[in-house]
Amino acid sequence: MKFVGKSIKRVDGVKKVTGSLKYVDDMKMPRMLYVAVKRSPHPHAKILSIDPSEALRLKGVKDVITGEFYTKRGGLYLEDKNFLAVGKARYRGEAVAAVAAESEDIAQAAVELIKVEYEVLPAVTNAVEAMAPNAPLVHPDLGDYKVAPVFFPEPGTNISNHYKLRKGDVEKGFAEADFVFENKFYVPHVQHVPIETHTAVAQMDADGYLTVWASCQSPYAVRQALSAAFDIPLNKLRVMSPAVGGGFGSKAGTTLEGIIIPLAMRSNGRPVKLTYSREDEFENAYVRQGLHATIKTGVRKDGKIVAVQNEFIWDGGAYTEYGVNIVKAAGYASAGPYDIDNVHTDSYCVYTNHPVGGPYRGFGMSEIHFGIEQNLDIVAEQIGISPVEIRRINGLKPGGRTGTGELVEVCGLMECLDNVIRDIELDKEEPASGPNKRRGKAIACGWKAPSMPNNAASSAVIKLNEDGTAHLLVSAQDIGQGSDTVMTQIAAEVLSISPEKITVRTGDTDHTPYEWQTVASRITYSAGRAVYEAAQDAKAQLFELAQIKLGVYKRDLEMRDGFIVSQIYPDRKVAISELALGLTFEDGSGVHGPIIGRGSFIPPNIRNADKKTGLGDHPVAFWTYGAQGVDLEVDVETGHIKVLKVASCFDVGQVVNPQMLEGQLEGAILQGMGTALFEELMLKDGKILNKSFVDYKIPTSDDMPELVVSFVENPEESGPYGARGVAEPAMVPTAPAIANAVYKAVGIRLSTMPLTPEKVLAAMKAKGQTK
Amino acid sequence: MRPFEYFRPSSLKEASELLVRYGDGGHLLNGGTDLIVRMRDGLTLPSAVIDLKGIEQLSRIREDEESVYIGATVNLNQVGRHETIGKSFPYLAEAALSVGSKQVRNRATCIGNLCNASPLADTATPLMALDAVLEVFGPEGEREIPIRDFFVFVRKTSLKPGEIVKGVRVTKTAGQGVFTKLARRKEVDLSMVCMTLLKAEDGWRLSYGAVAPTPVRLPKTEALLNQGAALEEVLSCAVSEVKPIDDVRASREYRLEMVKVMLKRGLEQIEKGGAVS
Chain A
1 MKFVGKSIKR VDGVKKVTGS LKYVDDMKMP RMLYVAVKRS PHPHAKILSI DPSEALRLKG
61 VKDVITGEFY TKRGGLYLED KNFLAVGKAR YRGEAVAAVA AESEDIAQAA VELIKVEYEV
121 LPAVTNAVEA MAPNAPLVHP DLGDYKVAPV FFPEPGTNIS NHYKLRKGDV EKGFAEADFV
181 FENKFYVPHV QHVPIETHTA VAQMDADGYL TVWASCQSPY AVRQALSAAF DIPLNKLRVM
241 SPAVGGGFGS KAGTTLEGII IPLAMRSNGR PVKLTYSRED EFENAYVRQG LHATIKTGVR
301 KDGKIVAVQN EFIWDGGAYT EYGVNIVKAA GYASAGPYDI DNVHTDSYCV YTNHPVGGPY
361 RGFGMSEIHF GIEQNLDIVA EQIGISPVEI RRINGLKPGG RTGTGELVEV CGLMECLDNV
421 IRDIELDKEE PASGPNKRRG KAIACGWKAP SMPNNAASSA VIKLNEDGTA HLLVSAQDIG
481 QGSDTVMTQI AAEVLSISPE KITVRTGDTD HTPYEWQTVA SRITYSAGRA VYEAAQDAKA
541 QLFELAQIKL GVYKRDLEMR DGFIVSQIYP DRKVAISELA LGLTFEDGSG VHGPIIGRGS
601 FIPPNIRNAD KKTGLGDHPV AFWTYGAQGV DLEVDVETGH IKVLKVASCF DVGQVVNPQM
661 LEGQLEGAIL QGMGTALFEE LMLKDGKILN KSFVDYKIPT SDDMPELVVS FVENPEESGP
721 YGARGVAEPA MVPTAPAIAN AVYKAVGIRL STMPLTPEKV LAAMKAKGQT K
Chain B
1001 MRPFEYFRPS SLKEASELLV RYGDGGHLLN GGTDLIVRMR DGLTLPSAVI DLKGIEQLSR
1061 IREDEESVYI GATVNLNQVG RHETIGKSFP YLAEAALSVG SKQVRNRATC IGNLCNASPL
1121 ADTATPLMAL DAVLEVFGPE GEREIPIRDF FVFVRKTSLK PGEIVKGVRV TKTAGQGVFT
1181 KLARRKEVDL SMVCMTLLKA EDGWRLSYGA VAPTPVRLPK TEALLNQGAA LEEVLSCAVS
1241 EVKPIDDVRA SREYRLEMVK VMLKRGLEQI EKGGAVS
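Chains A and B, in that order, are what the protein sequence lines are. Position one of the first sequence corresponds to residue 1 (the working numbering), numbered consecutively onward. Position one of the second sequence corresponds to residue 1001 (the working numbering), numbered consecutively onward.
Calculated from the structure, these hints are not laboratory results. Since the model is a prediction, treat every value here as computed from it, not as a measurement. Positions of the beta carbon are idealized from the N, C-alpha and C atoms, including for glycine. Hints may be right or wrong, so weigh each one.
Claimed, not checked - DSS-like cross-link-like pairs, simulated, lysine-lysine; straight-line CA separation at most 30 Å:
hint : chain 1 : residue 1 : chain 2 : residue 2
1    : A       : K759      : B       : K1186
2    : A       : K16       : B       : K1102
3    : A       : K642      : B       : K1186
Claimed, not checked - Derived DEER-like restraints, expressed as beta-carbon distance ranges:
hint : chain 1 : residue 1 : chain 2 : residue 2 : range
4    : A       : D427      : B       : R1107     : 43 to 51 Å
5    : A       : E102      : B       : V1020     : 33 to 41 Å
6    : A       : P658      : B       : A1174     : 50 to 58 Å
7    : B       : V1248     : A       : S277      : 46 to 54 Å
8    : A       : D231      : B       : N1106     : 37 to 45 Å
9    : B       : R1107     : A       : E102      : 29 to 37 Å
10   : B       : E1005     : A       : A132      : 54 to 62 Å
11   : B       : T1044     : A       : N268      : 34 to 42 Å
Claimed, not checked - Not the full set, but computed from the structure, chain A residues with beta-carbon under 7 Å of chain B:
hint : residue
12   : D685
13   : L689
14   : N690
15   : E758
Input sequences plus hints: build the corresponding full structure.
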């Protein structure tokens, strides 16, 4: 292949490194109004009254709205949220009113003048406690909410989804086991911290046509959600996402758009803008849900795991319209990448008075694997085999069955494991750098499938220009992962034209074709396949015309370097440019007209799992498997962990752009390291104690270990050129691999993230490991 | 942000008069890395911001045979990269370069770091160990404040109304010193605990940050070190001389433990002849 598999330079690179790319917050429009939001100081409180009169009297204030202006609930999978609180506030920081004013400063000042009377309600700030029968209810009306039929809320409780997986007979499995172990793990809330915070501008024309510019991953999903929430038909609602400065899931759904739209509706055509501060980002965008996990494992003496029982209790926060699906994804992936006959999982999405949980890179996988992969090392040690052996014995291989009973056809897990063992030199003992240091190496595996509706669709349009160049239109969003470049490479490969000849346009629901969402590590796979189909469609049209022009039957034609060429008589060829607007005959007449390729794609044959058991023969598009190895050092006096080296290998099907893929994997490892070592939203009675970078730390370049990234390529049949997604899986094994390596180094097992120096030291003291 | 008057005086006298005129509402602006953040968060609401960067004489590092003097508007990168400071007080240079990020250090000043009076001011511990002297200009004229008398409490100094710190003077001190900072992350982080240990010709000097309401010297521990007391005794004494609290960065217990570990390591490093002046 000419372009696929090559390290083509990023097509958006120059604009990004020179700072010339315009993001939504860069937009300044005439007569623009600026929004500030009044937020609840209580985690749970009834709103008795809101008095905006003093705010409205402030010079420069144009409008104040409250939730009462638009009381209709919305949500992606479960309609449980309002963009502005209606009746009560369910988390600290929830929007209760919003001001539109001539400047940000005026809007901020006006917010202070809004008077809100609350009746404070008892708050529930622990998911396990929230499941107790007498716990305060965050959503007493849960039974009335509209919900997609694959989710199972339990009205009268705080459980908004109870996912069940029942494979085989877990009791029989435990009875057959030689050993049974039970371990508990906790993963706290973290935030995505994209470099660009959430931002949006909305403007409504006199005829009711609404335009929204938003930094969002999924313009079409946002359009659909806003259309439903505000009763605007899709042909009167345009969502544009001109550029996204990082998303990691936080910009997948709708957040602040719904706050500004009512103001835009009432502002007589004036554009209305809201940009989140970093503090807002921590409190009022999405956070990764917390997880309390219990894993019970039945294992035979020979290392074969015969039964697993999981209980996952997720702290979904105040609204779980999106979170219910994370809980489902975690449930059907709960066996991990292992072949286990008896699996019994309960995965609960639980409302609390915490910030709103939502999609975060990994979609539940990083959280459950923190337990699954540590648990495996614990079990292996207890029965006297190595971490590698237990994974070789139980790891999925072609011919095996997943937790939902699906037959595994393509799976490079064992190859990935071999590669990381080699790259991390797992069996080579190496000295620590000093007398107070202990060194440890360990591994972890991981898997993930795209968590999306079975029929999540992609489409692409490719328009050929009369000079032989092309425009590629998609709504797959380049959120930093490099999709603009990957889409370009796939089109270039099919048409055999150089990538510089293709301009990609994205993110405009009026002008670029449908894309379900830029999430789920599905863009290279799904949008890539639509681009492949669109380019094939353009190619087929070119061949129709070329066979007339050249007198060569179309089956004998091929694309080569901008020409349609006969494979038999290479001198018979015609340039794309000559056919781009149709075929012209010698008498000047023409046929066909401009070449426009069209591609649509839905992953084939994904079917719902059984509602009662969760079992299904093809419930997801594909699984991505991989492994990572970590080499680290622990300071036994301070508890500090220094990660020296991380090796990573995933089965990606087909590498489209090696350099970008390496970069993506490296970023994922750093993000995984961040959660393992530093990151945690410190929540106390519903209040975030560290909602800024002063006390919420993410890794810097100085924390970067040596990284060795490799790939295995077992093609995915339905993906473009065999490619499958890896963006999210890439960070899944990092945190448990670090935890396992800490155990190797100093013999302590930490069941909660992050592994702070203080926790490490306390655990070592408890075990009598310090000097 | 509340509206405020902005002044950029060209003399200390003018700046001091403005401070007096605006009273509690008058705030000095230097690098702004603390003030601007506090203003954004609504924690400080000045009626007047008085920018010192227009006062030419404050922008230099001066030295003579006995001492080095750092002017009030000298930034932390300038302190950290200064040749004489690097040679004579490597631990001070290290402390200066441990604050924030390179970009922050291009704005933030050493004097600002002191006047902010944070318990964890990184540059305070080496200056405390060096018995630095702050040169102050005020309505009543000039005076000097030994750094030990400068910090009063969290965010409180002994400056009187209208007084402005012109700079800090340190006497060249022969000896070996070590600055260490323990933070959650290697770069761009606040100290969980920071320490300077100095073995001067006249004896040991030891100071800590982030373990009390102000940066502190540990005179009893210094005395024990001078007497050549046993390590265990020295370490327990150090712990008894500090009063850390629990916060989001670390617990009291962990800080106390680190006070010992850092001192022990500092002593080892000096014994090995680590950082020398």
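So, going through the hints one by one against the coordinates:
no.: 1; hint: A:K759 - B:K1186; verdict: 18 Å, holds
no.: 2; hint: A:K16 - B:K1102; verdict: 22 Å, holds
no.: 3; hint: A:K642 - B:K1186; verdict: 10 Å, holds
no.: 4; hint: A:D427 - B:R1107: 43 to 51 Å; verdict: 50 Å, holds
no.: 5; hint: A:E102 - B:V1020: 33 to 41 Å; verdict: 36 Å, holds
no.: 6; hint: A:P658 - B:A1174: 50 to 58 Å; verdict: 57 Å, holds
no.: 7; hint: B:V1248 - A:S277: 46 to 54 Å; verdict: 19 Å, violated
no.: 8; hint: A:D231 - B:N1106: 37 to 45 Å; verdict: 52 Å, violated
no.: 9; hint: B:R1107 - A:E102: 29 to 37 Å; verdict: 31 Å, holds
no.: 10; hint: B:E1005 - A:A132: 54 to 62 Å; verdict: 57 Å, holds
no.: 11; hint: B:T1044 - A:N268: 34 to 42 Å; verdict: 38 Å, holds
no.: 12; hint: D685; verdict: 15 Å, violated
no.: 13; hint: L689; verdict: 5 Å, holds
no.: 14; hint: N690; verdict: 5 Å, holds
no.: 15; hint: E758; verdict: 4 Å, holds
When the structure is compared with the earlier hints, violations turn up for hints 7, 8, 12 and for no others.
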